[in-house]
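Protein sequences, first through last, are from chains A and C. Counting in the UniProt record's numbering, the first sequence runs from 1 upward without gaps. Counting in the UniProt record's numbering, the second sequence runs from 1 upward without gaps.
It should be emphasised that the hints constitute simulated quantities derived from the structure, not laboratory data. Bear in mind that the values here come from a model prediction, so they are computed numbers and not experimental data. Keep in mind that the hints are not guaranteed to be accurate.
A pair holds if it fits inside one copy or across any two, identical chains being indistinguishable in the list.
Simulated pairs of lysine-lysine, DSS-like, Cα-Cα distance not exceeding 27 Å [said to hold, decoys possible]:
1) K107 - K9
2) K9 - K93
3) K57 - K9
4) K38 - K57
2 protein chains.
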Amino acid sequence: MLAKGGCPKTMLSISDALEALEGRWRLLILFALSGGPKRFRQIAREVPGITDKMLSKELKSLEAHKLIRRDVYDTFPPTVEYTITPHGLSLEKVLDELHYWGLAHRKKVIGK
Amino acid sequence: MLAKGGCPKTMLSISDALEALEGRWRLLILFALSGGPKRFRQIAREVPGITDKMLSKELKSLEAHKLIRRDVYDTFPPTVEYTITPHGLSLEKVLDELHYWGLAHRKKVIGK
Numbered sequence: 001m002l003a004k005g006g007c008p009k010t011m012l013s014i015s016d017a018l019e020a021l022e023g024r025w026r027l028l029i030l031f032a033l034s035g036g037p038k039r040f041r042q043i044a045r046e047v048p049g050i051t052d053k054m055l056s057k058e059l060k061s062l063e064a065h066k067l068i069r070r071d072v073y074d075t076f077p078p079t080v081e082y083t084i085t086p087h088g089l090s091l092e093k094v095l096d097e098l099h100y101w102g103l104a105h106r107k108k109v110i111g112k
Numbered sequence: 001m002l003a004k005g006g007c008p009k010t011m012l013s014i015s016d017a018l019e020a021l022e023g024r025w026r027l028l029i030l031f032a033l034s035g036g037p038k039r040f041r042q043i044a045r046e047v048p049g050i051t052d053k054m055l056s057k058e059l060k061s062l063e064a065h066k067l068i069r070r071d072v073y074d075t076f077p078p079t080v081e082y083t084i085t086p087h088g089l090s091l092e093k094v095l096d097e098l099h100y101w102g103l104a105h106r107k108k109v110i111g112k
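Next comes chain A alone, as it looks inside the complex:
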């Protein structure tokens, strides 16, 4: 595919994807949720280095991009749970390739 290097239509679709996934956190949050529905505190524990403020902001944007769903349960106090949507799960291959590339990159740049 890279043979089409620079082709405007492909540039647009990659740009669309990056706009939805922008930044370091969104894919990591999706990866944490790919293990099953989770509450705010659980996600915050699994995504190293994210602040509560950032997590809250990114969860809202992931919801707007239809990548996760937010459910509120009528308990006292109310319980809020986040679940990855099928559209979110369709990122599996992107996550796979980032994982494999990340391993190779660590070896190449950090040497271990």
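Use these hints to put chain C onto chain A, whose structure you have.
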């Protein structure tokens, strides 16, 4: 792979990859360069919306991550060319998957 959702080792390798590729521009610059070596002006034309200041900053960081190479030719005035490295080209599968997902995302969210 997503069945390992949340596993710390996989979280680390995805995080490593995202740190090297952070932001909207780096992958788009790499995609433009995957079509062959290019000068600054050519890259700026192919990556829609990028400012010269941002392009200059991202080219430096891509070089630091060993994803591109910068060559200076002894012409008058000197010519500078950027070339994607084999390590940069190893991102082909990530770019492929982002491309396919971007197409599906556009259909899902924008409906065309």
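Right, here's what the structure says about each hint:
1. K107 - K9: Only across copies: K107 and K9 sit 14 Å apart there, 33 Å inside one copy, limit 27 Å.
2. K9 - K93: both (21 Å within a copy, 17 Å between copies)
3. K57 - K9: between (30 Å within a copy, 25 Å between copies)
4. K38 - K57: Answer is within; shortest intra-copy Cα gap is 16 Å, inter-copy 37 Å.
Of the numbered hints stated above, none is contradicted by the structure.
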